[in-house]
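K.L.:
Residues per chain, in single letters:
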Amino acid sequence: MLLFLLTCLLACLPLRSPEPACPGEKTAVFVISQLTFSRELEEGVSAGFDLDDAVSAAGGSSGCGLADYTDPDGTPGVDNQFARVLPVLETTEAQALEPLIQAAVDDGSLLITLELGNVDAGITTPDSSDTCVDFALGRATGTPSMGTDGAMEWNQTLARDTLSPRSEAGEVAVVDGHLEASGLAVTLPVTILGHELLVTVLNGSLRFDVQEDGSVVGTLAGGLDQAELLAIAETDNIDPEVTEMVASLLDYNVDLAPNEAGTCQQLSITLQFVAVPVFLHEGA
Amino acid sequence: MLPLLLACVTPDPPREPPPTLEPAGPVLKRLTAAQYGNSLRDLLGDTLVVPDDLEPDAASDGLLVVGGTVNSLSSLGVEQYETAAFDVAAQALGDETLRARLIPCSTEDDACASAVLEALGRRAWRRPLTDAELGRITDVARNASVVLGDWDRGLEYGVASILQSPHFLYRVELGEDDPELPGEHRYTSTDMATRLSYFLWNSTPDDELLAAGEAGELVTDAGIDAQVDRLLADPRARAGVRDFFDQMLMLYELEDLSKDPAVYVHTSSTVGSSAREETLALAEWLAFDEDGDYRDFYTSTTTFIDSKLATIYAVPAPSLAGFAETVLPADGGRRGFLGHVSFLALQAHPTSTSPTRRGQFIREVLFCTSLAAPPADVDTSIPEPSASYPTMRARLQEHMSNPECSGCHMLTDPIGLGFENFDGLGGWRVTENDNPINASGDLDGAPFTNAWGLAGAVHDNPNLGPCLTRTMYQYATGHAVDDRERDLISWHADGFASHDFRIQWLIRDITASSGFRRVGAVE
Chain A
0 MLLFLLTCLL ACLPLRSPEP ACPGEKTAVF VISQLTFSRE LEEGVSAGFD LDDAVSAAGG
60 SSGCGLADYT DPDGTPGVDN QFARVLPVLE TTEAQALEPL IQAAVDDGSL LITLELGNVD
120 AGITTPDSSD TCVDFALGRA TGTPSMGTDG AMEWNQTLAR DTLSPRSEAG EVAVVDGHLE
180 ASGLAVTLPV TILGHELLVT VLNGSLRFDV QEDGSVVGTL AGGLDQAELL AIAETDNIDP
240 EVTEMVASLL DYNVDLAPNE AGTCQQLSIT LQFVAVPVFL HEGA
Chain B
0 MLPLLLACVT PDPPREPPPT LEPAGPVLKR LTAAQYGNSL RDLLGDTLVV PDDLEPDAAS
60 DGLLVVGGTV NSLSSLGVEQ YETAAFDVAA QALGDETLRA RLIPCSTEDD ACASAVLEAL
120 GRRAWRRPLT DAELGRITDV ARNASVVLGD WDRGLEYGVA SILQSPHFLY RVELGEDDPE
180 LPGEHRYTST DMATRLSYFL WNSTPDDELL AAGEAGELVT DAGIDAQVDR LLADPRARAG
240 VRDFFDQMLM LYELEDLSKD PAVYVHTSST VGSSAREETL ALAEWLAFDE DGDYRDFYTS
300 TTTFIDSKLA TIYAVPAPSL AGFAETVLPA DGGRRGFLGH VSFLALQAHP TSTSPTRRGQ
360 FIREVLFCTS LAAPPADVDT SIPEPSASYP TMRARLQEHM SNPECSGCHM LTDPIGLGFE
420 NFDGLGGWRV TENDNPINAS GDLDGAPFTN AWGLAGAVHD NPNLGPCLTR TMYQYATGHA
480 VDDRERDLIS WHADGFASHD FRIQWLIRDI TASSGFRRVG AVE
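Taken in sequence, the protein lines are chains A and B.
According to numbering that gives the first Met the number 0, the residues represented by the first sequence are 0 to 283, in order.
According to numbering that gives the first Met the number 0, the residues represented by the second sequence are 0 to 522, in order.
Keep in mind that the hints were calculated from the coordinates and are not lab data.
Please note: incorrect hints may appear among the correct ones.
Ranges between beta-carbon positions, derived for each pair [claimed, not checked]:
1) Val174(A) / Ser369(B): 56 to 62 Å
2) Gln210(A) / Glu324(B): 31 to 37 Å
3) Ala118(B) / Thr147(A): 48 to 54 Å
4) Leu96(A) / Val326(B): 43 to 49 Å
5) Ala172(A) / Asp288(B): 53 to 59 Å
6) Val377(B) / Val174(A): 55 to 61 Å
Glycine included, each C-beta is placed from N, C-alpha and C at the ideal position.
Please put together the full structure from these sequences, using the hints given.
P.N.:
The structure is reproduced here in structure tokens:
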């Protein structure tokens, strides 16, 4: 706790000033329109984040003894054990998991918003920079309208989901269209197959880059709660053999959030996304 | 405070008397589809489903109402009116609520049928039926009821007779000798009831207006002014103004708007209807809620959009359901009607913009300037986009190098190119084929750098007010104006300008016009 307070104090001290830290008046909102899993690109390489601030090796003391990946940019310590689980899952009834997630995006049941507040001049191009914006993850409701190309229409207006939790990362910077939100601790409910998965986003778990066309491409990482996944796998409409396999997979692959006994309780997962600019309607 | 009070009570400055007019002769006006539907609903009830399988309207001199005076009806069109009349009659007798409204009496006999047909005939034909006319129609109903063995079915035939009659389908306004000005003619008081009603409401007169007409009140200034006040205060006047702008701006064509979905991802089957509603809502708001300056129609940032249009405009939707008022951002580049999808998409091609069409629309529809059609033997195509001609401006400049083309294109293209920041559906863009768009130009000596500035130049153009005056005069009188009316229209236009271009003022002024009240002899 002392270390945490010290870290926070050091991190926040330069930002304190009598004036509002983020004086901009504009907002920029993006909604995730495409969501896919970050897979293993080659042996030991997968895009993602170091969620537990540790570079874990197989059999090591951190990450419950599971080896981390290396990001394609060479950054070690990437926690994304789901990339190892996914190929196995895809040999079972869960093979349509990714299309189902996309279907949930398209039908409006999974509309994750990236909300930037107190923006000075807009976050619309790869050279957009803003030394201080407020960043939050939220949810929207409604059925998104699709263009004639089958993709979610840009600049449409969606209703803010006031019932879902909103996670505020606080003040971050956008540098040349690049944003990294560290310190996020949020649980996003994601409904898939009628079941609610809780994707817990731990510190430093989101980044995106603004593209030439004004969309953003990014990465979102977090931990899937083992108990939640087991509960889903044990429901009546899933083959008991699959349930058993899922339980086994989780036992061998959970790598985050160790309890007092040192047993990890979450499975790291990384999602890659494309998000397009939208507006949020605050009314009912 | 005192100057303000004085300003409020200061009468209008004296106005020159209107120029004398040699009025045009009477013309028969076939009801437009909108007038037909509005009239039937006003006669029989709002829940009536008006048949739409009718011969389509065709504009003449830019207006459907004028087209109704010059376009003949095909034999198929006559049959369609007959079918529609029986359809409507069946609804009127078959629906309990509509039947109760139509039939006030409880006895199913000749007297009741005659009373029903007399009352309906008076409203539908916009004048009392003669005894002979009523007798014939009542006979139709009686004979049909005997043959069919059903009083209601018989009455259906009587109702259908009234509704397929030329006296209903056509406005018959022949006028009369003016007793106060021997040798001259004026519209009769009952003619005036019809003229006022279709001008202000785009529908048939109500009982009060008909009564005023039948009482001879509508050949006096006081009688007309009183009814104009009443009609303008009625919600139906909003429908009248909407219809005028719908016709003038040809917004009805938006119902068939077609864009290439591979080029315009925002297009849909409903975007045309939405665009039409936006523009009509702005016109209604400006005329009635603001009693505002017509020129502001071209510069207002206030508009009324649904979520689809908001998406195209890249602005937050003011409501997630239906239309609502919003104010477009001052830095968004878009304002007024010329920033609406209705204009930008309709005056464009299915796969591209059309600066020529956009410019031509402003010249012809907003400024009433006649442009010659391209000669029949001239190639009107422009170069395809290429490295040499990457933008529409470059392609048109190449086309204008042909002296046969440049004469007219010089009048249209420099204006239309001012809208090149809007694609063929009305979406904003800053580049075309990766080249920056140059939207600068000049409108009759007023330079502009983009569509925002062009809207201001249109607002300030001296042709704008006189053209609206001419078009509204033509809409009100229902005939194509000719040179004999030019001075009178100029006089109205001057009045319009001196009254801050207020649309309601112009409507009132035209109802007082000799061009609206007087008629030439039957030729």
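K.L.:
If a hint holds in the structure, say so; if it doesn't, say that too.
P.N.:
Against the structure, the hints:
Between valine 174(A) and serine 369(B) the CB atoms are about 58 Å apart, so this pair conforms to the stated range of 56 to 62 Å. Between glutamine 210(A) and glutamate 324(B) the beta carbons are some 34 Å apart, a value that agrees with the proposed interval 31 to 37 Å. Checked against the given bound of 48 to 54 Å, the beta carbons of alanine 118(B) and threonine 147(A), roughly 52 Å apart, stay inside it. Between leucine 96(A) and valine 326(B) the CB atoms are about 45 Å apart, so this pair conforms to the stated range of 43 to 49 Å.
At about 46 Å, the beta-carbon gap between alanine 172(A) and aspartate 288(B) misses the expected band of 53 to 59 Å. For valine 377(B) paired with valine 174(A), a C-beta distance near 56 Å keeps the hint of 55 to 61 Å intact.
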